[in-house]
Every structure is written in C-alpha cells, then in structure tokens.
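**Student:** The lines below spell out each chain.
Number of protein chains: 2
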Amino acid sequence: MTAKIRLYVEHPLGAGQSVPLDRDQAHYLFGVMRQGVGAQISLFNGRDGEWLSEVTEAGKRGGSLVAIQQTRALQMPPDLWVLFAPLKKARTDFIVEKATEMGAARILPVQTDFTNADRIRQDRLQAHAVEAAEQCGGTYVPEVAPLQKLERLLSNWPDRRQLMFCDEAEAGNNRSLAGAGPGPWAILIGPEGGFSDAERARLAALPFSYTISLGPRILRADTAAVAALTVWQQVLGDWG
Amino acid sequence: MTAKIRLYVEHPLGAGQSVPLDRDQAHYLFGVMRQGVGAQISLFNGRDGEWLSEVTEAGKRGGSLVAIQQTRALQMPPDLWVLFAPLKKARTDFIVEKATEMGAARILPVQTDFTNADRIRQDRLQAHAVEAAEQCGGTYVPEVAPLQKLERLLSNWPDRRQLMFCDEAEAGNNRSLAGAGPGPWAILIGPEGGFSDAERARLAALPFSYTISLGPRILRADTAAVAALTVWQQVLGDWG
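One line per chain: the protein sequences are A and B, in this order. The first sequence stops at residue 223 when you use the numbering used here, and every number in between is there. The second sequence stops at residue 223 when you use the numbering used here, and every number in between is there.
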C-alpha cells in the first residue's frame, strides 16, 4: 500500500536498501510534515518503482529510510514530449505540473517568434515536475529540458516522431488524429500571443505534423496543454 | 474586428447605444490600460454578442462608450453545468477560469463529505468567470451558483439532465460516453480528497450518471476539470 506521503529520491531503491535524505528532504519530512523514526513513507526514484519505506534516522540536517517492499512497479508514461513557450511564472509552473500529471515523458520549453522569455529557471521547473509526480501517484518524473529555439528543435527533429500542433487560428482546419499512428510523439502548445505567420506556415508544412483544434474559444496556454494532452492520451496514449 | 481590449458590461448593447462605465471599469480602462477618448474597445454583456465600441468620455470615476457595430453574435456554450468541490483559493479560481474558457454554461460549487470549504466568495468567483470570458474571446459568462450540498442538488436533480462523474477510484470501470445522448448535461469533478464510499455508491446508482476515467494517474481537481471538459466537448459539445 502506498503511504500518505510520497517522496522522490535520487538514490537506488530495493528491498533492505538504506536511503539517505538531504537537508531539504529532512526539513520537509521531519519539520514540515512532522514525521519521525518509524514513520512509513513511499519513495520512488523514476527507475525502480515505488517502495514502502520506514524512517530509521531523523535529524535536522538529514536522515535515512530503509526500503521495505515494492508497492508499485515503474510505470513509464507514453513516449510523449510536450513543447511549450514559457509564459509568466505561475502559468509556466502550471504547465510543467499538468504535463507531469497528464503523463508526458519529457517537457521541452521552446522560444517562438512571439515568446518573451529568453531564459527559464530549469531547476525550479524540474522541482515542480518532481512535486507533481509526488502528488499524482506517478513513479516517473519527466525531464525538463533547457530552453531552446523552436526553429532549431524542428531542424533537428528526430526521425519518426510525430507532432501534434494546437493552434487556435487553425480551428476548423483540422487534420484529425484519427489517421495518426502510434510511436513517439510530441505536442506543441502555442504561446499566448499565438504563432507568427512564418512559424504557422513552417509547422503546417512539416510532413510529421498534425494540426488539431481545441474548440471555438481561445484557451490559455496552460488550459490548452491539458486539453491537448487529453485528446492525445485518449486516442494514442495510456487512457485506453 | 475584435478590439485588443474586451470588456464585459451589464448594459444593453446595440448600434449607437451609449454605455456608461462604473468606477472600477474606468480605473481599469483609463488608469491601468491607458486608454482615452476615441479608443476602440470590444464590449459584450452575455446577451447581445460582441460590439466594437468607442470611448466618448474618460474620467477617473467613470466614463462612457458608444457601441458602433456588432463584431460577433452571441455564442452560447452547450447546456453544460460544471459541479466541483471548492479547494484552496488559487485552485478554485483556476477551476472557474477553466470551466469558462472550456465552455460551461453554469458553474456550481458543491459541498461533499470530504470538502473542507463551508463557504465561498461567490462574487470573487463570478468576477473570475467574467475575466476569463474577456480573455478567451467568449460572448457568454457562466453564472457561478451559491455553494450548496451535493446531496441536496442530487435530490432535486432536474429531469433529463445527464451527469458525467469523474472518479479516480473508478478507473477501468468505465461506462463510456459513447452510448450517451445529447441534451442537458453536468460534469462532476471530485474533491482532492476523493468521494466518500457513501457518495460513490450514491453517484454510481443514479440512473442518469456516467462514470468515466481520466487515465491511470491521479489528477488535481483543476487538471481533472479541463480533462473532463475536453472529453465531454469532443463527444457531446461544440468542438465537433
């Protein structure tokens, strides 16, 4: 059974394995959550599934647990990338949180013609992905990639990875996912300011791209991310 | 053409109609957004569509516009209610925002067995719905109903309104929407703490309820709201 508190650790997990906690984790577990020696916590590391574990040492600057038994096998999400243009801080955090909950394998912030952000706090976004995985019962944490130019990513696009492209301007001009096959995929969420005409033409012309519409209203980017992931997960993902 | 700034007003709209602004609206338009006499603004009131309008008077405590021409007809969303259990402040705001963007007709906060909130700021939530409608290009603003007990709402449930019920505990136990018909609908989003066993049994036994799963991961309530609305809009709503 999964414990109420779930914690992501970098350390390997296995029966009888001792797992050290760093200062931040100890502060969270013993300070904030008021746990102590003997408390049961679920640990996961993105590789070895989820392990019911027991606190064996609780200090202000660290502590340790011992892994008792595996309570969940590693569940990999589908091989799905989520590409998005960073927004204001809170909305960017939300997109990372939501992509993690909804089952993305990798999160790629991209700069588009109308993106304002020229840098991101990659470490902070990665921490948000960890927190979302702890919350949503996942055993996998998607990697948040460094910020890169959309154009450069498209120029080096991996073979056979298909791209679902959500653009309000394309509503009604749907190339449905019905004909799309399984395999590696990516979803591109447009920036709040929309794509430039050049980007739109470039994206539509890509042989691996599918344009879909997300209804007649304009969605904020974080809403669009969840809606697009829902459409994809239902047709091609692990919601079947 | 829609102006860059969209503003919701209570006043009737029509060609040549003069529309007064209250103090808050004047502060927003002239103070925050730096508009003045002659500026073009899009107005909508939830009934008469969207009207391109021009500022004719700009003061600190008020102002007025004249409606020039209709730029969009009233677009009603489908007859869909969104029921949700209020959460912490920011997440509750987000659910109202997202339900508006995604095209709900009415938003009903409900108290469940595991809901902590015993009151809501209905005026603040309604203001969030207005703001979301201004942002998303909609011409309709869903009403936010007063907080009520779920049990009471179910006991007085309107004839022929179907209910889509999203419950993580029911994953895999899907009664798909495929067999569901059009007509008035409601979507119920579970509270973060889940439903009680009694509620779950009650909901499953309702003759007008459909249980659907939103994938193998646990979603936060605001994420679940967008995902559920996507599922519904694709099958039964106006995304077709």
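Accuracy of the hints is not assured; some may be wrong.
[Unchecked claim] Stretch by stretch, here's where chain B covers chain A in the computed footprint (C-beta under 8 Å, at least three residues):
id: 1; segment: 1 to 7
id: 2; segment: 113 to 126
id: 3; segment: 193 to 202
[To be verified] For lysine to aspartate or glutamate, the following EDC-like pairs were computed, each having C-alpha atoms within a straight-line distance of at most 16 Å:
id: 4; chain 1: A; residue 1: 132; chain 2: A; residue 2: 101
id: 5; chain 1: A; residue 1: 72; chain 2: A; residue 2: 175
id: 6; chain 1: B; residue 1: -13; chain 2: A; residue 2: 175
id: 7; chain 1: B; residue 1: 72; chain 2: B; residue 2: 106
id: 8; chain 1: A; residue 1: -13; chain 2: A; residue 2: 117
id: 9; chain 1: A; residue 1: -13; chain 2: B; residue 2: 175
I should point out that these hints are in silico values taken from the structure, not numbers from a laboratory. From a predicted model like this one, the values you see are computed outputs, not experimental measurements. C-beta atoms are modelled at their ideal positions from N, C-alpha and C, and glycine is treated no differently.
**Student:** All hints, please: hold or fail.
**Tutor:** Evaluated hints:
Counting residues of the segment 1 to 7 of chain A whose beta carbon lies closer than 8 Å to any beta carbon of chain B gives 0, which falls short of the minimum of three for the stated coverage. Only residues whose C-beta sits within less than 8 Å of a C-beta in chain B count toward coverage, and the segment 113 to 126 of chain A has 4 of them, enough to reach three; the restraint holds. Coverage of the segment 193 to 202 of chain A by chain B holds [criterion: at least 3 residues with CB-CB distance below 8 Å; count 7]. Taken as a hint, the residue 132(A) and residue 101(A) pair is honoured in the structure, with Cα atoms around 10 Å apart against an allowance of 16 Å.
Our distance criterion of 16 Å between C-alpha atoms is met by residue 72(A) and residue 175(A), whose separation comes to about 13 Å. With a CA separation close to 13 Å, the supplied pair residue -13(B) and residue 175(A) stays within the 16 Å bound. The straight-line distance between the Cα atoms of residue 72(B) and residue 106(B) is roughly 13 Å, inside the 16 Å bound, and the hint therefore holds. Under the criterion of a C-alpha separation no larger than 16 Å, the hint pairing residue -13(A) with residue 117(A) is consistent with the structure, at around 10 Å.
Simply put, residue -13(A) and residue 175(B) have alpha-carbon atoms about 13 Å apart, close enough for the 16 Å limit, and the pair holds.
Checked against the numbered hints above, the structure breaks only hint 1 and satisfies the rest.
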